[in-house]
Amino acid sequence: MKPKMQVLVAEPSDIIREGLRALLDEDEFVMQAPLRDLPVDMAQRIGRQQPDILILNPTLLNTPPRMQLVSIQQARTSMAVVALVYEYIDPALLSQFKTVLDIREKGSRVAQLLRECCQNESEEEDSYELSERETEVLVLLAKGCSSKEIADKLNISVHTVNTHRKNITRKTGIKSVAGLAVYAMLHNLVVG
Amino acid sequence: MKKHGLFTGRTKMADVVATNHTLILAMPRLGIALGFGERSVQEVCRAYGLPVDFVLLIFNVYTFDDYLPEGDELAATDLGPLVPYLEASHRYYLTERLPHIERHLLHVAGSAGERYGSILKSFFEDYRKEVVEHFESEERDVFPYLEELMRGRRGEKPLSEHFADNHTDLVDKLKDLTQILYKYIPCEGFAEELNELVFAILQLSADLEKHAVIEEKVLLPCIQQLERREGDEA
Numbered sequence: 001m002k003p004k005m006q007v008l009v010a011e012p013s014d015i016i017r018e019g020l021r022a023l024l025d026e027d028e029f030v031m032q033a034p035l036r037d038l039p040v041d042m043a044q045r046i047g048r049q050q051p052d053i054l055i056l057n058p059t060l061l062n063t064p065p066r067m068q069l070v071s072i073q074q075a076r077t078s079m080a081v082v083a084l085v086y087e088y089i090d091p092a093l094l095s096q097f098k099t100v101l102d103i104r105e106k107g108s109r110v111a112q113l114l115r116e117c118c119q120n121e122s123e124e125e126d127s128y129e130l131s132e133r134e135t136e137v138l139v140l141l142a143k144g145c146s147s148k149e150i151a152d153k154l155n156i157s158v159h160t161v162n163t164h165r166k167n168i169t170r171k172t173g174i175k176s177v178a179g180l181a182v183y184a185m186l187h188n189l190v191v192g
Numbered sequence: 193m194k195k196h197g198l199f200t201g202r203t204k205m206a207d208v209v210a211t212n213h214t215l216i217l218a219m220p221r222l223g224i225a226l227g228f229g230e231r232s233v234q235e236v237c238r239a240y241g242l243p244v245d246f247v248l249l250i251f252n253v254y255t256f257d258d259y260l261p262e263g264d265e266l267a268a269t270d271l272g273p274l275v276p277y278l279e280a281s282h283r284y285y286l287t288e289r290l291p292h293i294e295r296h297l298l299h300v301a302g303s304a305g306e307r308y309g310s311i312l313k314s315f316f317e318d319y320r321k322e323v324v325e326h327f328e329s330e331e332r333d334v335f336p337y338l339e340e341l342m343r344g345r346r347g348e349k350p351l352s353e354h355f356a357d358n359h360t361d362l363v364d365k366l367k368d369l370t371q372i373l374y375k376y377i378p379c380e381g382f383a384e385e386l387n388e389l390v391f392a393i394l395q396l397s398a399d400l401e402k403h404a405v406i407e408e409k410v411l412l413p414c415i416q417q418l419e420r421r422e423g424d425e426a
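From first to last, the protein sequence lines stand for chains A and B. Quick note: the first sequence uses my numbering, first residue 1, plus one each step. Quick note: the second sequence uses my numbering, first residue 193, plus one each step.
Honestly, I wouldn't trust all of these hints.
Computed footprint of chain A on chain B, listed as stretches where at least three residues anywhere in the stretch have a Cβ under 8 Å from a Cβ of chain A [stated by the list, open to error]:
1. 217-224
2. 386-392
Here are a few chain A residues that sit away from chain B, every Cβ distance over 12 Å (derived from the structure) [what the hints assert, rightly or not]:
3. Ser13
4. Asp27
5. Thr77
6. Lys98
7. Leu113
8. Ser131
9. Lys153
10. Lys175
11. Leu186
Keep in mind the hints are simulated off the structure, nothing from the lab. Note that CB positions come from ideal geometry on N, CA and C, so glycine has one too.
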């Protein structure tokens, strides 16, 4: 059996912290003592607790936020840092996160999203299998949807859609939408 | 880019072909036939009434990946044969290369079974339509406009800003097709046919890549230069 994933949440709202805890199965995720804000010794804390995933509300980052995010990431490079977002955040900052967890995400999707960002971390270079999410994006591309339409349908950001598209191309070697549509047909993902 | 190593007017035609044999396929589009004996590029160009600098431009772009003509060099080059050359290239792709690929593709489609066959055929048909539309739009909007400018007439509206750019897409789609062919089509019993098809596609995609360089780095700057000159005079 796979080891459980260690999750650290940094989020000011009790409601959201407790909500996240309720959505994540104890058999798969271990919730470390959550943080209401970022302590000054954040890097040391990460070094001690060794979380696999840090779910971080970007509004907690002080100025300059990108610098602080870099130092958090450097404290544990294998850790996936996930942005927990419920208001407008500068896209340039969001692009520095491993992935974005939108507060409007379906409850049933949250665990899958975390699983994927950990998988990518360990298998990024050698895996050529498309993840569940990448397959969903591929199917919508094959059906002729734009990145914006896919983002709306899957409740994710356009940036995340584009990351999935890059990974799909890296894994399949196929760039064009027409080529991806053929890939999808040959793999019985859509009806030709 | 340093000039050293590029073909010059004194290079023998036979050496040009020995360095880059794919130029054999580009020469007929310039009207040059094989059988040039020991003659140099300069001598052959004179015999055919072609400007040497223009022919060298084509040969060098097709052969040296990091070679691009600079602004001054381009301005000094006689680009009179550019449009006829590009049109001849379009004809060549449409009447020779695509039908050649199609013949191989139909073979493979016939051997691969109905499901794979129909997917491949429909991809190819869509691709051909796209190529035809792309060429038609250039021949209708871009080439006559350049010829007008070259004759010193004013264009009605600047075109260079609207220059259609889906060259990369045309090349990407061919490369995607080769990926699909050698990764996902089970080819038991017809591997040779499949190889022939893949090579035919790779050959066209390499040619189209250079064709795109000529359109984007020679044709477009040439239009822009003429438009600027026109703007100065106005």
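The hints, checked one at a time:
For the stretch 217-224 of chain B, the stated coverage by chain A is not satisfied: 0 residues place a CB nearer than 8 Å to a CB of that chain, which falls below the threshold of 3. Chain A is given as covering the stretch 386-392 of chain B, and this is violated because 0 residues of the stretch bring a CB closer than 8 Å to a CB of that chain, at least three being needed. Chain B leaves Ser13(A) outside its interface by the beta-carbon criterion, the shortest separation being 46 Å against a cut-off of 12 Å. Taking the minimum C-beta to C-beta distance to chain B, about 37 Å, the non-interface status of Asp27(A) holds against the 12 Å cut.
Listed as outside the interface, Thr77(A) is consistent with that label: its C-beta sits roughly 32 Å from the nearest C-beta of chain B, beyond the 12 Å cut-off. For Lys98(A), the requirement that its beta carbon stay farther than 12 Å from each beta carbon of chain B is met, with the minimum near 28 Å. No beta-carbon of chain B comes within 12 Å of the beta-carbon of Leu113(A); the shortest separation is about 29 Å. Against the 12 Å criterion, Ser131(A) stays outside the reach of chain B, whose nearest CB is about 19 Å from its own CB.
For Lys153(A), the shortest C-beta to C-beta distance to chain B comes to about 24 Å, beyond the 12 Å cut-off, and the non-interface label holds. A beta-carbon of chain B comes within 12 Å of the beta-carbon of Lys175(A); the shortest separation is about 5 Å. At roughly 5 Å from the closest C-beta of chain B, the C-beta of Leu186(A) falls inside 12 Å, breaking its exclusion from the interface.
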